[in-house]
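Trainee: Those sequence lines, one after another, are chains A and B. The numbering of the first sequence is full-length UniProt numbering, which starts it at 1 and goes up by one. The numbering of the second sequence is full-length UniProt numbering, which starts it at 1 and goes up by one.
Note that these hints are calculated values from the structure, not bench results. Check the hints yourself; a few may be wrong.
As the list claims (entries may be wrong) - Some chain B residues flagged as far from chain A (calculated, every beta-carbon gap over 10 Å):
1. 2
2. 11
3. 25
4. 29
5. 46
6. 103
7. 146
8. 176
9. 209
10. 224
11. 286
12. 301
13. 313
14. 321
Said to hold, decoys possible - Here are the simulated DSS-like cross-link-like pairs (lysine-lysine), alpha carbons at most 30 Å apart as the crow flies:
15. 262(A) with 181(A)
16. 393(A) with 257(B)
17. 287(A) with 262(A)
18. 141(A) with 181(A)
19. 181(A) with 393(A)
20. 238(A) with 257(B)
21. 346(B) with 238(A)
22. 181(A) with 257(B)
23. 346(B) with 287(A)
Claimed, not checked - With the C-beta cut set under 10 Å, the calculated list includes, among others, these residues of chain B facing chain A:
24. 67
25. 206
26. 257
27. 272
Note that the Cβ used here is the ideal one computed from N, Cα and C, for glycine as well.
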Amino acid sequence: MNLTYSAEEQAFRQDVRDFLATSLPDDIRERVRLGRRLSADDHVRWQNILSERGWLAANWPEAHGGPGWGPVQRHIFDEECAAAHAPTVVPFGVNMVAPVIMKFGSEAQQRHYLPRILANRDWWCQGYSEPGAGSDLASLKTRAVRDGDHYVVTGQKTWTTLGQHANMMFCLVRTDPDARKQAGISFLLIDMASPGITIRPIITLDGAHEVNEVFLDEVRVPVANRIGEEGQGWTCAKFLLTHERTGIAGLGHAKQALRHLKSLATRVPHRGRPLLELASFRQRVVKAELELMALEVTNLRVIAAAQDGSVPGAESSLLKVRGSELRQELSELTRRALGPAALPFFPDFLHGDGELDDPTLAESAAGAAQYFNRRKLSIYGGANEIQKSIVAKTILGM
Amino acid sequence: MDFSLTDEQRMLADTLDRLIADRVAPEQRRAMLEAPADEPLALWQTFAELGLLHMPFAEEVGGLGGEGTDLMLIMQALGRGLVPAPYLAGLVLPGDLLARLGDAGQQARWLTPLLEGEHQLALAWQENDARYDAHGITTAARQDGDGWRLDGNKQLVLNAASAAALLVTARLDDGRLGLFVVPADAPGLSRRDYRTIDDQSASDLTLDAVSLSDASCLGLDVAQALDATLALGRAALCAEAVGAMEVACEQTLDYLKERQQFGTSLSAFQSLQHRMVDMHLHLEQARSMAILAATSLTLPDAERDYRLAAAKAYCGEAARFVAEQAIQLHGGMGMSEECYVSHYAKHLVMFDHYLGDVDHHLDHVSDHLVDAA
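Let's have the full structure, built from the sequences with the hints guiding it.
Mentor: Right, dumping it as structure tokens:
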């Protein structure tokens, strides 16, 4: 065993670092650094730059236009992107629906959608959760009734992240109300411009417009937009959930957050000394540091096991639980480190283009809002309690 | 970046697992613990035959040149079996110091027979007043004619009762740290032997004007070598704890599946499932830290010690968590001496008290936190 990076891996890291130093636009870097929300245009601008370099579809096989990286390279890439304040790639197209289309889609569907995803021509959103189907996703009620060459879709989706920018949605719908819960579900691709779709913002407790409700009222969707067979939607959904979630621990983000926290706690004073010297605070930083060290090795173990092409399954649940807990702890410590400076709230600056002429206020503006935003980490993608039940069932056989 | 084991390492792990299943079942282990300290341990002979006694030492001193990963695999297997053989205390720690510091004559006298299984040794580094600090000791060594005279006390010397000689740290007049080989029968050396609560054989030593020849002195400035050896010991202990945690988790899981209450098995209860998953999470994170420890031994001293402190502190917390949950989830059975998991739980809690506990090591990480940023 050897936990040091090989010369090739180190050279790769330098390539990524150089690329980020020269290609990441300064205005985007600064927005991410300050924790400000990016516009749709910011995201697309950055993803076009990545695409041009051939690095947008980090998880794709080379045959479809991916860079042919192994998991260690992807890990290095994620880490460097977070350290350089690069935006996270919006995952719904390139990392979520694309693997499903590759696995279950027809050749025509692959030819149509995959190049458009690589070129950032479609913005995808996810139509999974419903008001009555959160952790119990398979109880979803959105109906799709066959009418000739179309499905007529009626229902409601919720927590649709960045749906306000999306022109396409991949959606789980019930095509057979009489079949067993999971068996009656199909996977549809829906044009968001279709008549009958209404989208409404949900403002989260940090004042952000990140998620939405999507209402579908007799929306006509061509049968050709179904991925896989009718009734195979749950298989697609499960595949999507377990597919290549090596980034799920959010290690790059956690590392960056810890760096930021240490730097902050070295600068802010407590009774004339740096806060980091306050024993009770320092102790928690030390514990977070240890947790991060362990999680990084665990993450590398999981992705090393995935080197041979096998997909990390329930192990990714472990990474999700520990990774989200760690990132939440770091956001808590950052909020506390800011002290009174965590209180001023400037939503126009954080979530829009509002200016803030005081750089001190700007530096600390996002701290508390991000703390509240990070609460989502242990809820989305299957709440941590669901993840634990998955581990109990699939790893421990309980 | 490479997490794979070599074919030899996989064979080593398999061999050990089979050996321990055959020879260290609970009732066999009990008999081993009840045997007198001076009775030769049959298992030690088998270790010698399998090359385990040569494994962790460099080829230059007659070893097999095993790396941190090899030691990790051995210790993990010994931890799985709670094997009452002094592999770390009687072989690895004193042997490592002899390999680092001994001259040809000293190695021929003490190290070669150690590797051949002809005798065992012990390392006396700990003193109550210094707690876990190996450098803050007061046992004194003074030049005495052509030789040396040692005075002081040592606590918690593991395997002292079975050792042909003890490696004793002592402070010199100039403040530096020296290391001396004290034969078990040296006049002026006395022992109080006891067992630790987790069944290790240990002794407190009194050195009262112990007179030694100059050939007994292994070094007059051994602080750096001692740190390296204790780092090796910490990595080994982390691996051993991971092995014991594995078994504690397995036995608890089996019990939850087996035990019927309220007309169903305990494993059907979600609160218990999640508790079991938390144990599993602690185990896997501790395993990562044990791997980090085993692969950090060749780093520059400061970085090595930072990582070892982090690993030992992390494993200490994780081991205690697993132990406490194992007892809790076994219910009343977990409290009984007869239930094997209680022995694992005892060792996993007391693991923290060997070679520095959570507080000791967190303090080290804390001191170096900013440097490492």
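Trainee: Give me the numbers of the hints this structure contradicts, sorted from smallest to largest.
Mentor: Structure breaks hints 1, 11, 13, 15, 21, 25.
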